Amino acid sequence: MSGPAMRANRPAVFVLDPVGPTAMNRLRPEVDLIAWTEPRVGRWQEEADAVIVNRRGVSAAELAAARRLKVISKHGIGVDNIDVAAARERGIVVTNAPGASSLAVSEHAVGLMLAVLRRIVLSNRLARAGETGWHPDFRGAEVAGKTVGVVGVGNIGRRVAAILGRGFGARVLGLDPYLSAETWAALPFPPERVPSLAGLLPQVDILTLHVPLTDETRGMIDARALARLPAHAIVVNTSRGGVVDEAALAAALASGRIAGAALDVFSVEPPTGDHPLLAFPTVVFTAHIAGYSAEAMAAIGNAIAEDILAVLEGRPPRFSVA
Amino acid sequence: MKVFADVPLHPAALEALAAAGAEVVGWDDPRLSAWAEEAEALINGPMRLDAAAFARARRLKVVAKHGTGIDNIDLKAARARKVRVARSPGGNAQSVTELAVGLAVALARRIVESDARIRSLAPFERGEFTGFDLRGKAAGIVGVGAIGRRVARLLAQGFGMAVSGYDPYLSADDWRRRDAARVARLDDLLARVDLLTLHCPLTDETRGLIGEAELERMKPSAILVNTARGGIVDEPALFSALSDGRLAGAALDVFAAEPPPADHPLFALPNVIATRHVGGYSEEALKAIGLKCVRQILDALAGREPEDAVA
Numbered sequence: 001m002s003g004p005a006m007r008a009n010r011p012a013v014f015v016l017d018p019v020g021p022t023a024m025n026r027l028r029p030e031v032d033l034i035a036w037t038e039p040r041v042g043r044w045q046e047e048a049d050a051v052i053v054n055r056r057g058v059s060a061a062e063l064a065a066a067r068r069l070k071v072i073s074k075h076g077i078g079v080d081n082i083d084v085a086a087a088r089e090r091g092i093v094v095t096n097a098p099g100a101s102s103l104a105v106s107e108h109a110v111g112l113m114l115a116v117l118r119r120i121v122l123s124n125r126l127a128r129a130g131e132t133g134w135h136p137d138f139r140g141a142e143v144a145g146k147t148v149g150v151v152g153v154g155n156i157g158r159r160v161a162a163i164l165g166r167g168f169g170a171r172v173l174g175l176d177p178y179l180s181a182e183t184w185a186a187l188p189f190p191p192e193r194v195p196s197l198a199g200l201l202p203q204v205d206i207l208t209l210h211v212p213l214t215d216e217t218r219g220m221i222d223a224r225a226l227a228r229l230p231a232h233a234i235v236v237n238t239s240r241g242g243v244v245d246e247a248a249l250a251a252a253l254a255s256g257r258i259a260g261a262a263l264d265v266f267s268v269e270p271p272t273g274d275h276p277l278l279a280f281p282t283v284v285f286t287a288h289i290a291g292y293s294a295e296a297m298a299a300i301g302n303a304i305a306e307d308i309l310a311v312l313e314g315r316p317p318r319f320s321v322a
Numbered sequence: 001m002k003v004f005a006d007v008p009l010h011p012a013a014l015e016a017l018a019a020a021g022a023e024v025v026g027w028d029d030p031r032l033s034a035w036a037e038e039a040e041a042l043i044n045g046p047m048r049l050d051a052a053a054f055a056r057a058r059r060l061k062v063v064a065k066h067g068t069g070i071d072n073i074d075l076k077a078a079r080a081r082k083v084r085v086a087r088s089p090g091g092n093a094q095s096v097t098e099l100a101v102g103l104a105v106a107l108a109r110r111i112v113e114s115d116a117r118i119r120s121l122a123p124f125e126r127g128e129f130t131g132f133d134l135r136g137k138a139a140g141i142v143g144v145g146a147i148g149r150r151v152a153r154l155l156a157q158g159f160g161m162a163v164s165g166y167d168p169y170l171s172a173d174d175w176r177r178r179d180a181a182r183v184a185r186l187d188d189l190l191a192r193v194d195l196l197t198l199h200c201p202l203t204d205e206t207r208g209l210i211g212e213a214e215l216e217r218m219k220p221s222a223i224l225v226n227t228a229r230g231g232i233v234d235e236p237a238l239f240s241a242l243s244d245g246r247l248a249g250a251a252l253d254v255f256a257a258e259p260p261p262a263d264h265p266l267f268a269l270p271n272v273i274a275t276r277h278v279g280g281y282s283e284e285a286l287k288a289i290g291l292k293c294v295r296q297i298l299d300a301l302a303g304r305e306p307e308d309a310v311a
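Going down the list, the protein sequences come from chains A and B.
Residue numbering for the first sequence is 1 to 322, as defined by my numbering.
Residue numbering for the second sequence is 1 to 311, as defined by my numbering.
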């Protein structure tokens with residue numbers, strides 16, 4: 001049994017941009033699956049019962065023409081580029097996979113910290129270029145005994161706190177207005193709670209961001225915030241590009257008001273050649289891959305595939321944002 | 001008093017030497033080449049001190065090793081010429097530990113490759129940089145001394161890895177105080193780990209310890225970190241294992257010959273991270289070790305026993 005007749009009876013799931021194989025392998029036997037590489041993908045608004053998106057957003061205008069659409073599935077966590085309100089209005093469910101990549105992101109954030117503190121990327125570049133002496137910029141700093149500020153103590157922030165506190169012996173401060181005192185106290189490694197960003201910043205040697213991008217967090221780390229950090233501090237951003245004012249960060253780095261940064265996310269991705277931060281040899285960049293471990297990809301793929309099938313069969317999904 | 005140093009010294013150490021009235025010739029000073037004729041004291045980094053060097057160094061009274069490993073120093077020759085040698089065991093342990101862990105995460109998560117791709121502005125798919133989680137994986141530590149035990153602790157308690165160690169010199173009592181399960185044979189350790197990290201000294205016993213046969217025993221998905229000494233790993237064997245896909249990646253802070261030339265074969269491989277022997281190069285370690293070297297020199301020159309003397 002195959003061909004158009006069979007296909008017509010099965011729901012059409014369009015994968016609008018590249019994702020790992022897990023979700024597709026899980027869905028393929030049960031649905032009509034159209035990958036981003038197929039010409040037919042251009043007809044998703046007419047034909048899709050479900051769409052899977054990764055980096056790509058979904059606008060209200062696109063939804064207006066998507067008459068069959070029942071579910072938008074984010075292959076990841078952040079739905080800031082999906083018009084969730086418009087989806088809700090049209091009765092379209094938006095699902096994501098919260099928590100599936102939190103371990104991967106937390107380990108990546110710690111790796112970025114060490115890469116900045118120990119000049120790993122710079123040292124690698126100069127070693128491969130045949131640098132023979134000790135470059136003065138190689139001198140690094142240890143995490144042990146330092147103070148780390150974790151902004152956003154959710155699934156990811158709390159893991160970062162535990163790795164740094166338990167593993168490295170760092171002092172960990174946390175900022176998160178949305179956690180109750182009881183939840184905070186029950187964390188496996190509760191950071192010292194700080195009530196305000198302004199109070200947190202002057203105390204930290206390392207600042208690491210783990211908040212979603214919302215109206216409240218957009219531009220949160222701006223020129224004023226950066227000015228409150230000690231001059232030897234570094235900033236690590238694995239959350240969303242818009243949380244940090246990139247021009248202000250470049251200015252702070254250029255004037256030595258902070259010592260370094262690592263960014264997995266940018267306000268526009270991927271960054272273009274005129275991005276002001278690319279000029280700094282001491283900044284470490286990764287390609288919005290903090291969640292890209294094989295384990296996380298498999299967990300996300302399984303979670304979103306199950307929820308797509310649930311919505312298409314009229315059952316409630318495990319993870320929905322609208 | 002003339003003190004020569006073939007490593008960069010922390011400003012605090014330079015101040016302490018100046019306060020003691022010492023004239024210092026540093027690692028980047030062209031006069032360093034005259035060290036053998038002029039030095040009363042030497043703060044020693046990678047420079048080789050063999051019998052011939054000690055024979056030439058007629059004024060030399062003390063060598064303070066800026067670090068732990070003294071594989072470059074002929075201790076018998078030092079003793080024969082009554083030159084005191086002291087070292088700083090453990091002074092850079094936390095610094096090396098954190099670099100080793102940083103290199104492990106950088107390899108597992110393809111950080112260096114990804115940085116290069118972003119800077120090149122070439123297009124990419126994020127999936128190209130898919131790495132692996134450390135939590136729940138197996139780590140193997142070769143040499144569970146001052147550094148290896150800290151690495152074991154960090155990987156076990158911080159990252160939730162299952163850590164095993166190989167170290168023929170530890171007693172059963174020592175093992176009870178380690179965050180690593182004892183594995184009696186190196187071959188057994190190699191076969192089970194996702195991350196292998198080396199923390200043993202370079203001796204006749206460890207030279208070439210990780211060669212073709214050992215690399216062959218490792219999982220093709222495993223990664224190797226060497227922040228110990230270059231001679232412990234057979235570099236041509238490592239090159240072929242990495243290029244054939246029999247090993248997923250390697251991070252090397254140390255090389256058989258240092259500094260490694262720009263055309264080192266391993267530099268052609270994208271799954272290699274190379275750093276420039278910066279394991280001990282943290283602010284904290286440089287300051288602590290630099291000041292300790294100064295104390296050891298001043299003690300030896302004053303006829304007192306220097307701390308951690310080995311000759």
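Calculated from the structure, these hints are not laboratory results.
Values in this document were obtained by computation on a predicted structure and should not be read as measured data.
There could be a bad hint or two in this list.
[To be verified] Sample of chain A residues facing chain B (criterion: CB under 10 Å; computed from the structure):
no.	residue
1	Leu-213
2	Phe-319
3	Val-321
[Unchecked claim] Derived coverage of chain A by chain B (criterion: at least 3 residues anywhere in the stretch with Cβ under 8 Å from a Cβ of chain B; other residues may be distant):
no.	stretch
4	128–134
5	163–176
6	269–275
We put the beta carbon where it would ideally sit given N, CA and C, even for glycine.
To see whether the hints hold, each was checked on the structure:
no., hint, result
1, Leu-213, "18 Å, violated"
2, Phe-319, "20 Å, violated"
3, Val-321, "22 Å, violated"
4, 128–134, "holds (count 7)"
5, 163–176, "holds (count 5)"
6, 269–275, "holds (count 4)"
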